[in-house]
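Here the protein sequences line up with chains A and B, keeping their order.
Start counting the first sequence at 37; every next residue gets the next number (my numbering).
Start counting the second sequence at -4; every next residue gets the next number (my numbering).
In short, the hints are calculated from the structure, not lab data.
Mixed in with the good hints, there may be bad ones.
[As the list claims (entries may be wrong)] Listed next, the in silico DSBU-like pairs over lysine-lysine satisfying Cα-Cα at most 35 Å (straight line):
no.: 1; chain 1: B; residue 1: Lys372; chain 2: B; residue 2: Lys163
no.: 2; chain 1: B; residue 1: Lys184; chain 2: A; residue 2: Lys277
no.: 3; chain 1: B; residue 1: Lys163; chain 2: B; residue 2: Lys346
no.: 4; chain 1: B; residue 1: Lys147; chain 2: B; residue 2: Lys321
no.: 5; chain 1: A; residue 1: Lys333; chain 2: B; residue 2: Lys184
no.: 6; chain 1: B; residue 1: Lys125; chain 2: B; residue 2: Lys321
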Amino acid sequence: MTISLALEQLLNGIQLGVMLFLMSAGLTLIFGVMGLINLAHGSLYMVGAFACAAVAALTGSFWLGLVASLACAAAAGAIVELLVIRRLYDRDHLDQVLATFALILIFSEGTRWLFGSFPLYLDIPPLLQGAVALPGDATYPVYRLAIIAVGALVALGLYLLIGKTRLGMRIRAGESDREMIGALGVDIRTLYTLVFALGSALAGLAGAIVGPLQSVQVGMGEPVLILAFVVIVIGGIGSIKGALIGALLVGITDTLGRLLLPQLLTLFMDPSQAGMIGGAAASMLIYVVMAVILSVKPRGLFPPAHA
Amino acid sequence: MKKILVAATMALSLGASGLAIAEPLKIGMITTLSGGGAGLGVDTRDGFMLAIKQSGNKDITVVTEDDAQKPELAVQIADKMIQSDNVDLLTGIVWSNLLMAVVPGAVAQDKFYVSTNAAPAALAGAGCNKLYFNAAYQNDNLHEAVGEYANKSYKKMFILAPNYPAGKDSLTGFKRYYKGELAGEVYTKVGQTDYAAEIAQMRASGADGIFVFLPGGMGISFMKQFAQSGVKIPVMGPGFSFSQDVLPAIGDAALGAKASGQWAPDFDTDVSRKFVTDFKAEYNRLPSIYALQAYDAGQLIASAAAKADVKDAEAFRAELLKADIKSPRGKFKFNTNQHPIQDIYLTEVVKKDGVLTNKTVEKIFADHGDAYAKDCKI
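Please put together the full structure from these sequences, using the hints given.
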């Protein structure tokens, strides 16, 4: 294996990790602050992708689509919080899982009703098309580098928001003691709606930036959601830092596993079998990593201090 | 008064039964109408219903249910359709893993199954069954054709498919005819959305051609990412990788891709032109290869139902075997294992009047059967 292939795969791993971070940041924030398991997070990712594709098709501008995806996902999140989620905070996790699972079905069928069963088309904006040269003779798509940059910016933005602003202080306070900050006169209901809309917007952003790389179709959110849950469990549920580290870990493990395991197995068996078994083993790898991490640190890498 | 009513009712019921020339046939269609694979199921349903509608046979009823691309759900629906809906015949499943879960149970309960797409090797060879027909192909066929085509100008192919029965059939089929060297052979997860790692491997492998079998959304993701990667190796695949259901979503990235198919929308025959026109008139879009296959399955079932009663399994089977239909793909007959013997063509993705579609380039195989028929003893 050449250096350029290794570098390219590392970038691919980071890019997948960054995308997972956008998903899991919202998920872990919502769980950390409100104690809510939101299965419908993948649906908000889908809403973002569809909003971006629809607006981009209508106006011809990816950037307007991106704005629309943030707005639509945040609005959808806020509406869902006001109508449904608000009633679930005091219920146990099973009720939350049931209700948010129902939301998945509603979102999926609603989207199908609006857009039909066929995947939508969404292309990369002209500014980010093409590829840049890597050391060696490899190239790397500009768009994937842009995704990494967006992820880094969002991580920085979240760090500043949570660490340095009044809103962030309230979010942290909400994580540590919900009743107390309510008693101190903070409008906890509005705070919850805001946090939920913020998490939703991040999911929508992830959907929109992934749209040009993948197929924008109904049900696109669920596979990502499963990975996002793996990420937040590895990172420690409720921790943004954990989500970032966990996402990068999962992204890199998954990408390198897909590359290296089949190659490793070709040492023992013929290439066709190695491909089949290596491929199957690679798809289990992140779950193995999760199991190992949880056996050493049962509450994840960065468990929040309070819980 | 009462007597008159009774007499009238009796007369009416006699009249009704006298009118029924063909025996009623109840078809259970299980297909994927939700989730990522829904585009394939919708085309299957629409193509099938078009054929049933055109047959004008009012005694055929179709009940349709969504399997959500889940094997366990497909089995439940099949059981329900057989046991409480009393269907005579099942059809419509898109995916080979679902088909493998449903067909053995259905034929064991003496129900016909006519496949509109999935055709795993296991049901074409020793595991074939008198009640199981396939109106599409055998899974390996289209991949075999690309393997044969690749021999012409490619020496070092990189091949990729998802890790499930049809994916394995695919690469097996390709390798059966391809004589050159393999630069790589990769199986990906079913439903995988990111192919960056595989594309980097393709570049590094020094391949001069790439064969991918990635149906539905997987193919859309792959082709878009491949186009952006700057890798300039020619891509080819079986017809479903570039079928009409995915082309609009892939966009211009698909232009020039070579594929194989038993039919393409540009076929220059009256039957094919009529099928495309009728399908467009009914559903306002171009038919995909899935729509064609389901259309032929529908025609096939209707042709048998017009001449035989499905309750008389032997007679009904004999009618199905005749394949007495006008298929848009042209010649069509059944092999000994009840899978088609047909011509297979090379197609290329082109833009025609602003719409991406497949153009026929040349014939790869004439009267092509499958490698498993010799193991089938019926």
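Results for each hint:
1. B:Lys372 with B:Lys163: holds, 24 Å
2. B:Lys184 with A:Lys277: It holds: about 29 Å lies between the C-alpha atoms, which stays within 35 Å.
3. B:Lys163 with B:Lys346: holds, 32 Å
4. B:Lys147 with B:Lys321: holds, 33 Å
5. A:Lys333 with B:Lys184: Given that 35 Å is the threshold and the Cα spacing comes to 29 Å, the pair holds.
6. B:Lys125 with B:Lys321: holds, 23 Å
This entry satisfies every hint, going by the numbered hints stated previously.
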